[in-house]
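Line by line, the protein sequences are chains A and B.
Just so you know, we're using the working numbering here: the first sequence kicks off at 90 and counts up by one.
Just so you know, we're using the working numbering here: the second sequence kicks off at 2 and counts up by one.
The reader is advised that the hints may include incorrect statements.
Each pair of labels, with its calculated beta carbon distance range [said to hold, decoys possible]:
| hint | chain 1 | residue 1 | chain 2 | residue 2 | range |
| --- | --- | --- | --- | --- | --- |
| 1 | A | Leu-322 | B | Met-207 | 56 to 64 angstroms |
| 2 | A | Ala-159 | B | Leu-102 | 54 to 62 angstroms |
| 3 | A | Asn-98 | B | Thr-116 | 25 to 33 angstroms |
| 4 | A | Gly-307 | B | Lys-143 | 20 to 28 angstroms |
| 5 | B | Ser-66 | A | Glu-300 | 25 to 33 angstroms |
| 6 | B | Lys-191 | A | Ala-312 | 43 to 51 angstroms |
| 7 | A | Ser-116 | B | Gly-138 | 20 to 28 angstroms |
| 8 | A | Ala-303 | B | Val-14 | 36 to 44 angstroms |
27 angstroms max Cα-Cα, derived DSS-like pairs, lysine-lysine [claimed, not checked]:
| hint | chain 1 | residue 1 | chain 2 | residue 2 |
| --- | --- | --- | --- | --- |
| 9 | A | Lys-200 | B | Lys-143 |
| 10 | A | Lys-92 | A | Lys-200 |
| 11 | A | Lys-200 | B | Lys-191 |
| 12 | B | Lys-61 | B | Lys-19 |
| 13 | A | Lys-200 | B | Lys-19 |
Incomplete in silico selection of chain B near chain A, CB under 7 angstroms [said to hold, decoys possible]:
| hint | residue |
| --- | --- |
| 14 | Phe-20 |
| 15 | Ala-83 |
| 16 | Arg-87 |
| 17 | Met-91 |
| 18 | Leu-99 |
| 19 | Thr-103 |
| 20 | Gly-149 |
| 21 | Lys-152 |
If you're looking for bench data, these hints aren't it; they were derived computationally from the structure.
None of these values were measured; they are calculated from a predicted model.
C-beta: ideal position from N, C-alpha, C; glycine also.
Residue-level listing of the chains:
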Amino acid sequence: MLKNYLRLNLSLLYWVFVAPFTGQFFSISQIFRQMVFIGVRATSMVALTAFSIGVTLAMQAAHSLQQMGAEIYVPDLVMLSILREMGPVLIAVIVIGRSGSAVAAELGTMKVSEEIEALEVMAINPVQYLVVPRFLAMLIMLPALTIFGNYIGVLGGWAVCRFALNFNTAGYIMRALESAETWDLYSGMIKSGVFAWIVITIACNAGLHVEGGAEGVGQATTASVVQALLAMLVTNAILTGIFFFGA
Amino acid sequence: MPTPADSPVIEVVDLIRKFGDRTVINDISFNVRRGETLVIMGGSGCGKSTLLRHIIGSMKPTSGSVKIFGQEITTMNEHEIASVRRRFGMLFQSGALLASLTVGENVALPLLQHTDNSVDEIEEIVEEKLQMVGLSGFEDLKPAEISGGMKKRVGLARALALDPELLFSDEPTSGLDPIMTAVVDQLTLKLTHGEHMTAVVVTHDMTSAFRIATRMIMLGHGSIVAQGTPDEIRNSPNPEVQQFINGEADGPIPLNLSQDEHEHHQHVKPRPFIAARHRFHRKTA
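Could you put the whole structure together from the sequences, leaning on the hints where they help?
Written as structure tokens, this is what we have:
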């Protein structure tokens, strides 16, 4: 299992970074097709999630901070939590559930119906033809969705501050921007890039190694979601440790 | 690298493949010459598909050698196998079309990947190949929207897209109506006679097999039971061959071999043991 996963990663690195220089270029149109599927079609779900998170964070923060008369810090808390943790993690959760599972199921079905074998026999490498476009699409779209989700999350915080606490819009924006540094954004972006790698390689690996018909596809899809979630959350803890606790 | 006209296109020597201690391919040797159509037949589970997978290099044998176009395929790396595969086409049993692409895109796929042809030229070739299998006008449908027999014919068009020197077909006519079977057979004959393509066809369909074969191999339990020209096979004295080509239920070929073995282990063996225990109990009582 782990051996297959490492082999997939190596072969992926070869097809992304080495093969294009030997004239075997991957297809750009396929990447855009996958970007629409993985990214664009997930925007509404990401927006709803991020907005709810922003609202929840603001309400919880307001509840605690009001007791100390420090509601002024609500925007700080919303902004930092979303940029550093909630944004990258929860949007990765959405993408795992929606796009990761779909990729595992799609590749798994292709494996079961001999399509992968047919590609190999046509001298088309399945990693180059199927995995590389999905990988690059995910690597672009997950951070992009995270930026988008960050905006919506902060908007959710604003909604609470503006309508339930006595903030004005300018005050909220000023406070939020003042609290955050660029590193808060960048650390989140690095995280979501790493998550993108984890999610798509686990999904593709699960799909490409399906055995045993429709039942196998189901099992591989479930396994890919569980493994990707666990790997993503553990990696998140490690990265938070390195970024904010180590130095 | 052009193959000299008289040297074999495929050369299989002493091929053996074991899964654990089960021998699936047991010492098979044969040659296929340019322009020949070799039909491989045999009952389900006799190792036909496994043999085919060894010839196209997607499985490695336990021992023995497979040469295609004079090159040993069993020891090749992925890259070398890919370069050999560009010279042959393969039709899968299910057609194995990519479900996400249209019929036209499926046929165009090998052309887009392996040639520098312009889009117009590719469209022209796709139209020509689809016409050959009687499916012109179906370019824009998805595989899910056409029947199983049509999928198979699209698979054939795709296998022929690069004008291969060698064509492998895994049950090309199963699921086709008799007229389409004849069309596909005639196409195979035309390509092998007119354009010196070599064909290796795995089939159950005896009518079709005798129509297209120049040579036939019958497999049983992983080894060659009989081989020869269609006439030699038709007149073979071997009762297994006669049972198979005439499709008779009674004969030397055992039914459900694995189940027989299973029963042997499950029921026959314990009996003496139980009987012995009964005797033992009687004695002590």
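Exercise for review: List in ascending order the numbers of the hints, as given earlier, that are violated by the structure.
Suggested key: Violated hints: 11, 14, 19, 20, 21; rest satisfied.
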